[in-house]
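Below, each chain spelled out in residue letters.
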Amino acid sequence: MGRKLTSDTTVNETTQGRSRAWVWTVLAIVAFVLGIFLVQSGWWDSNHSVFAQAVVSGLLIGGVYGLVAMGLSLVFGVLDIINFAHGALMTIGIYASYLLFQEYGVDPYISLLITVPLLFVVGMGIQHFAINPVMTAPVHNQLLLTLGIAIMIENILLVVFTGTPRSIELPYARESFDLGFVTLDFPLKVFGAVVSMPKLIAFVMAIVLALVLYVLIQRTWLGSAIRASAQQPEGAELVGIDINRIYMITFGIGAAAAGAAGTLVMPFLFVSPTAGATFNIIAFVVVVLGGMGSVPGALVGGLIIGLTQEMSQIFVSGSSKFLSVFVVFILVLLFRPQGIFGKAHR
Amino acid sequence: MNRLSTLVKSSSSDLLVLLGVVAILSILPVALNPFLLSVATGVLIFALAAIGWNVLSGFAGQFSFGHAAFFGLGAYTVAILLTKYSVSPWLGLVVGGLVGAAFGLVVGWVSFRFGLKGAYFALATFAVAEMLRITFNNLDYLGAGIGITIPLVYGDDWVRMQFSNTREIHYWLILGLLAVAVVATIAIKRSRIGSYMFAVREDEDAAAALGINPLKTKLVAMSISGFITAVAGGYFTLFFLFIDPDVVFGAVVSVAILLRPIVGGMGTIWGPVIGAAVLSLLGELTRSLVRDPPAFLSFIEGANGLDQVLFGLILVVMIIRAPDGILGWFRRRRKQAQT
Numbered sequence: 001m002g003r004k005l006t007s008d009t010t011v012n013e014t015t016q017g018r019s020r021a022w023v024w025t026v027l028a029i030v031a032f033v034l035g036i037f038l039v040q041s042g043w044w045d046s047n048h049s050v051f052a053q054a055v056v057s058g059l060l061i062g063g064v065y066g067l068v069a070m071g072l073s074l075v076f077g078v079l080d081i082i083n084f085a086h087g088a089l090m091t092i093g094i095y096a097s098y099l100l101f102q103e104y105g106v107d108p109y110i111s112l113l114i115t116v117p118l119l120f121v122v123g124m125g126i127q128h129f130a131i132n133p134v135m136t137a138p139v140h141n142q143l144l145l146t147l148g149i150a151i152m153i154e155n156i157l158l159v160v161f162t163g164t165p166r167s168i169e170l171p172y173a174r175e176s177f178d179l180g181f182v183t184l185d186f187p188l189k190v191f192g193a194v195v196s197m198p199k200l201i202a203f204v205m206a207i208v209l210a211l212v213l214y215v216l217i218q219r220t221w222l223g224s225a226i227r228a229s230a231q232q233p234e235g236a237e238l239v240g241i242d243i244n245r246i247y248m249i250t251f252g253i254g255a256a257a258a259g260a261a262g263t264l265v266m267p268f269l270f271v272s273p274t275a276g277a278t279f280n281i282i283a284f285v286v287v288v289l290g291g292m293g294s295v296p297g298a299l300v301g302g303l304i305i306g307l308t309q310e311m312s313q314i315f316v317s318g319s320s321k322f323l324s325v326f327v328v329f330i331l332v333l334l335f336r337p338q339g340i341f342g343k344a345h346r
Numbered sequence: 001m002n003r004l005s006t007l008v009k010s011s012s013s014d015l016l017v018l019l020g021v022v023a024i025l026s027i028l029p030v031a032l033n034p035f036l037l038s039v040a041t042g043v044l045i046f047a048l049a050a051i052g053w054n055v056l057s058g059f060a061g062q063f064s065f066g067h068a069a070f071f072g073l074g075a076y077t078v079a080i081l082l083t084k085y086s087v088s089p090w091l092g093l094v095v096g097g098l099v100g101a102a103f104g105l106v107v108g109w110v111s112f113r114f115g116l117k118g119a120y121f122a123l124a125t126f127a128v129a130e131m132l133r134i135t136f137n138n139l140d141y142l143g144a145g146i147g148i149t150i151p152l153v154y155g156d157d158w159v160r161m162q163f164s165n166t167r168e169i170h171y172w173l174i175l176g177l178l179a180v181a182v183v184a185t186i187a188i189k190r191s192r193i194g195s196y197m198f199a200v201r202e203d204e205d206a207a208a209a210l211g212i213n214p215l216k217t218k219l220v221a222m223s224i225s226g227f228i229t230a231v232a233g234g235y236f237t238l239f240f241l242f243i244d245p246d247v248v249f250g251a252v253v254s255v256a257i258l259l260r261p262i263v264g265g266m267g268t269i270w271g272p273v274i275g276a277a278v279l280s281l282l283g284e285l286t287r288s289l290v291r292d293p294p295a296f297l298s299f300i301e302g303a304n305g306l307d308q309v310l311f312g313l314i315l316v317v318m319i320i321r322a323p324d325g326i327l328g329w330f331r332r333r334r335k336q337a338q339t
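Same order as they appear, the protein sequences are chains Z and H. The working numbering applies: residue 1 is where the first sequence begins, and numbers increase by one. The working numbering applies: residue 1 is where the second sequence begins, and numbers increase by one.
If we strip away everything but chain Z, and leave its shape as in the complex, we get (with noise of 0.2 Å):
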């Protein structure tokens, strides 16, 4: 497995343009072709309504899959390990936000201001305590701790909140709002599309912690110790980088977002032990779509399964979402192992 974060060199641009610009080309005839055919067979008249809500529906959850996969791109990229306890984490922000919205009457929205930090610390005692003694172990005794540590923590939710879906209502999730140049009345309409609020909110919220994520990892100081320590661990050592210190540090934010993504999909989802744990399966086809460790490439990876997702339920009916993003997957696996934004390796 190679261990890579984007950074702005690139190896064999020429040969990697190319190939790229390949793929396009034949996605955009692609594209053409079956648009003409749509439209010419008078399918399109007859169903415009329901494409238009599937790609606002896939878009807007495509958001929060990205913002989901983010933390675990860092985490697979920067430490080499397959966290299946991600999932766990991201429903203690679930449960953390449902129990500050229901007892205290804390705003969700407002409430990242708890969990977010909240989770980085929780992160932060995971990697410390349970995966540092394991770093050099094989893949697979990782990926069986964080197993065992997902089974932990969804049990504890069990045994204190019990298996009873709950849900909330935001209370001004109907109202209008006047923003000068234009009122916006939610549940909103696109294009035929319903859009509801709190979608909307969990979709702009994850590009804005897409953009501060990326900003971190790019432009600080931090932010470059983290990426020398996915790419050279020993070098990174050698110039006095703590590399265990940002290993915490960087599952700490790899379990922040995901308690962010837990915060912000809480308003529109039942609130169970499992609930995160289908965001993790996802999350995994768009860390290895979007290429491992490359925030940009989780976001793009997000927006793509969640328009797979949604589009697939228009063409085939009766069939489950998730194996048109499976076959993607496998797709991707076989074709393009790093990823849209990862650099060739193996």
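Everything labelled a hint here was simulated from the structure, so no lab data went into it. From the three backbone atoms N, C-alpha and C, an ideal C-beta is built for every residue, glycine too. Some hints here could point you the wrong way.
[What the hints assert, rightly or not] Covered, in the sense of this in silico footprint (three residues per stretch, anywhere, with C-beta under 8 Å from a C-beta of chain Z), are these stretches of chain H:
| # | region |
| --- | --- |
| 1 | 110 to 121 |
| 2 | 316 to 323 |
[As the list claims (entries may be wrong)] Here are the simulated lysine to any residue pairs, SDA-like style, with alpha carbons at most 25 Å apart:
| # | chain 1 | residue 1 | chain 2 | residue 2 |
| --- | --- | --- | --- | --- |
| 3 | H | K216 | Z | K321 |
| 4 | H | K117 | Z | Q338 |
| 5 | Z | K321 | H | G143 |
| 6 | Z | K321 | H | L142 |
| 7 | H | K335 | H | S11 |
| 8 | Z | K321 | H | A251 |
| 9 | Z | K321 | H | Y141 |
| 10 | H | K117 | Z | V50 |
| 11 | H | K117 | Z | P138 |
| 12 | Z | K321 | H | I146 |
| 13 | H | K216 | Z | F335 |
| 14 | Z | K321 | H | V255 |
| 15 | H | K117 | Z | I330 |
Chain Z is fixed; fit chain H onto it per the hints.
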């Protein structure tokens, strides 16, 4: 004949252990009540599946996170042959094993040809198992989400392998299959192809440089592994008489299968069996502890999920303290004692 006698001689200690273990296990039904006997039978079924996993992941070093695919295919093959075509499970188990082996060849050929290894191979196998689960959930011919129930017959029926009053027979049959599988893994370990597997596991490029064909070696491992795990899945159908896609293809099954050899000792002959025994003992202990706790812990009584918390904790501690499984831990202790 000559090779057989060398095999017997060179692995006589393993075979002796096997004889002892089978002898002890075969008189176990006398001591167990019907509930514990059916628990024990389940343990043996998963031990068999784990032996299959161990060939691919322990011997040949290709970590599979989706052995539920084989398990489920075996289970469904037996169920469909029996309910739709009245084929005896004796034949069904063999066909199920062959389906598993063939599926292993196809999946293995595609993924190894494209150079998947390590975490990527693990994730690919996971995705394959999930795809099968979703697909089987949507195929009406295969019972979709409702699954397949094996109709009960009255009395003992050796052709349909149903034994109404005597569950011991199932126990002894699966014990026999397990013994055969252990002998098979001993034979593989001592054989040329087994050495190839270990070489590929340690260093694929070095193995290839020595003239070993890594692709072929991994494909052999994958098909043997698929065969054994699929037979275990087929037996799951026969014993529990009901399957649905989530029960046999679920990610939980993949995890259950791979945990056993890892806890026991990956790549060893006895790891899967020891792991299966220890894990189910632990599971039963924690479950009974929560069901009926001692006085000073009375507040945990009936706390749903607490047994799983303990299970997760034990798993975490074990991975940190004994990363190479129970057998590996003992081996290290012995080495330390010698020096």
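For this session: Mind listing which of the numbered hints don't hold for this structure, in increasing order?
Result: Of the numbered hints given earlier, those the structure breaks are 3, 10, listed in rising order.
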